[in-house]
Amino acid sequence: MNNQTPQNGNRRITIDPITRLEGHGKIDIFLNERGDVDHAYYQIPELRGFETFSRGRPAEEMPQITSRICGVCPTAHHMAGTKALDSLYHVDPPPTAKKIRELIYSTFMLEDHALHVYILGGPDFIVGPDAPKETRNVVGVINTVGPDVGRKVISMRKRLRDIISLLGGKVIHPVFGLPGGVAKGISRDEVGRIRDAADDGVEFALFTLEVFKKIVLGYKAYVDMITSEAYTHRTYYMGMVDDRNRVNFYDGRIRVVDPSGKEFALFNAASYADHIAEHVEPWSYVKFCYLKQVGWKGFTDGPASGVYAVAPLARLNAAEGMATPKAQEAYEEYMKTLGGKPVHFTLANHWARIVEMIYAAERMAELARDPEITGETIRVIPTARPTSGVGVVEAPRGTLFHHYETDPNGIMQNANLIVATQNNSARIAMGIDKTAKELIHAGAVNESLLNRIEMTFRAYDPCNACATHSLPGAMPLRIRLFDHSRCLLREIVR
Amino acid sequence: MPPQGNRPLSSPAAPGSPPDSVLVLGLGNDVMGDDAVALHVCRALRREHLPGVDIVESPVAGLALLDFLEGRDTAIIIDSITSGKAPPGTVHFLQPDDFRGKPGISPHFVGLADILALADRLGLRFPHNLSIVAVEIEQPGGLHEGLSGRIGERLPRVVDAVRSLLPHPSSPVPG
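Protein chains in written order, with my numbering: chain A, 1 to 494; chain B, 1 to 175.
No lab work stands behind these hints: they were computed from the structure.
A few of these clues could be false.
To be verified - One side of the interface only, derived from the structure: several residues of chain B facing chain A at Cβ under 10 Å:
no., residue
1, Val53
2, Pro59
3, Ala64
4, Leu124
5, His128
Just so you know, these numbers come straight off a predicted model, no measurement behind them.
Backbone N, C-alpha and C define an ideal beta-carbon position, used for all residues, glycine too.
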């Protein structure tokens, strides 16, 4: 990205694509005659063809098929799909099966969150938003935290993935979930290894919190940025909670709090359509989710607007605490430092993610010590006729809904997925627009400013049309300038 | 990126140790059309029962590449590529140097360049013979299985290209 000379008339700046691994996105920024931002649009390509693709397939294939949609969080899709099959076949898995599922899921959440903290989001807040772009990458992170920490991250990640493979089959295409239970139990011999990894995982997550405190919270400029108005939206928040309103990734009810933190709704997955509606804009393929009972009032925050958020920040806001002791301590410190609940600062997602890492690791450790985890009854065979089923989990990037409808033979007729990023799409769009308006003035556009706009959506760890894999071409980032009549003035590649 | 020419990889085995198997790693997504071309190449090669060749398919890149590459001496990665600079079906022969020095192009993307840089920085044992065969495709659209006619027709040539990079079974072990 080069600095731009202000042009007369409107200019259009395009950052395309934002990311490769987790899908493409495009940001269009329209400047007015003064060189200030008129409006910024965040566009994500829709995952196309899913309904058609699934129609006519046996429902049992769905947890495998959907896990292929995303190479990043296959376990989340597999789990949501498996739970949708439980619901479809009207079957309640035995306690051991639920615990095995939750153990696998907690391991996955810990691994995925660690990946984001150190690798994907790390370049922004570990290396620093104003660091030269050549250093804002994984090597820059290692250089900042030190190679020993780097090796620790890599080693922990590998151990966690090995546990997922041990328990769930292939990491990439998990196969453990079946309607009514799981495919494989856990032997007593295996428990020790899982327990050791979980205990090290707790230590690792607490260590990560210390790294974050030292590197991020230790610098006032970072804290000022996190709490700045540019990265603040006072929206509703959604997340799954247990029966005591504590964060739960695997099961529970969906809780929504309003912008003041008060409970607005508490519902079961099956009634999601009563609470979530989708708004369509002519400039985007994305359907913007909003709260049906509040209504769509445009890209605006406050109690009158149905825009809501999911993902770590939202989960911590939607809950009243964490179900494990060290995570609860970290939660309290987080809330206290950031001025109390609800926290409206988008960039606090990174900190919230670390609080959730601690919870995931502690929950792993608890489940590994639960006598029922090695139980032998791991499945209830479904006998009821399939009709319609909804499954929900908290994916790393937020609440994930799978809804399947079949004929009486269990052949798919309809499918609807609401993926995490879709829940967040309106708030992300608002964030891009707001950040652009606050940080670009009089045509002054530089590397740091654009990076900070990217930081807005990276905090959500957006997972868009994340299925493809191709090597990046030579043009991973493209900036195009258009005049007021939208004629291309200039194209810059970085 | 211009084709680098294909050259056979030398055998990595040290004197006295059994020859290491060569990893052929195909990357792609089976439900995204031509994105899966490398997986189809793997399946074709697997049917040939090549001795000393370990064929692995994976739909993910990023840090998962560490799991596959760490501890290996010789590897060939097959992937699709959307450079937009060549017609679909073009086979690009790439070397790690084509990727080195490129980390940082996107802070969010952990690609091969980052993995290689990370391995260097952390002193991980990584393949010293690493080749990348990339098949040019058009950006996949929606979900569907199977290759387009254009890429399907080119499949035998891609398989030949990968095979040409394998060490000749009768080659003497150097050292």
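Check: Which hints, by number, does the structure contradict?
Finding: Checked against the structure, the hints that fail are numbers 1 and 5, while the rest are satisfied.
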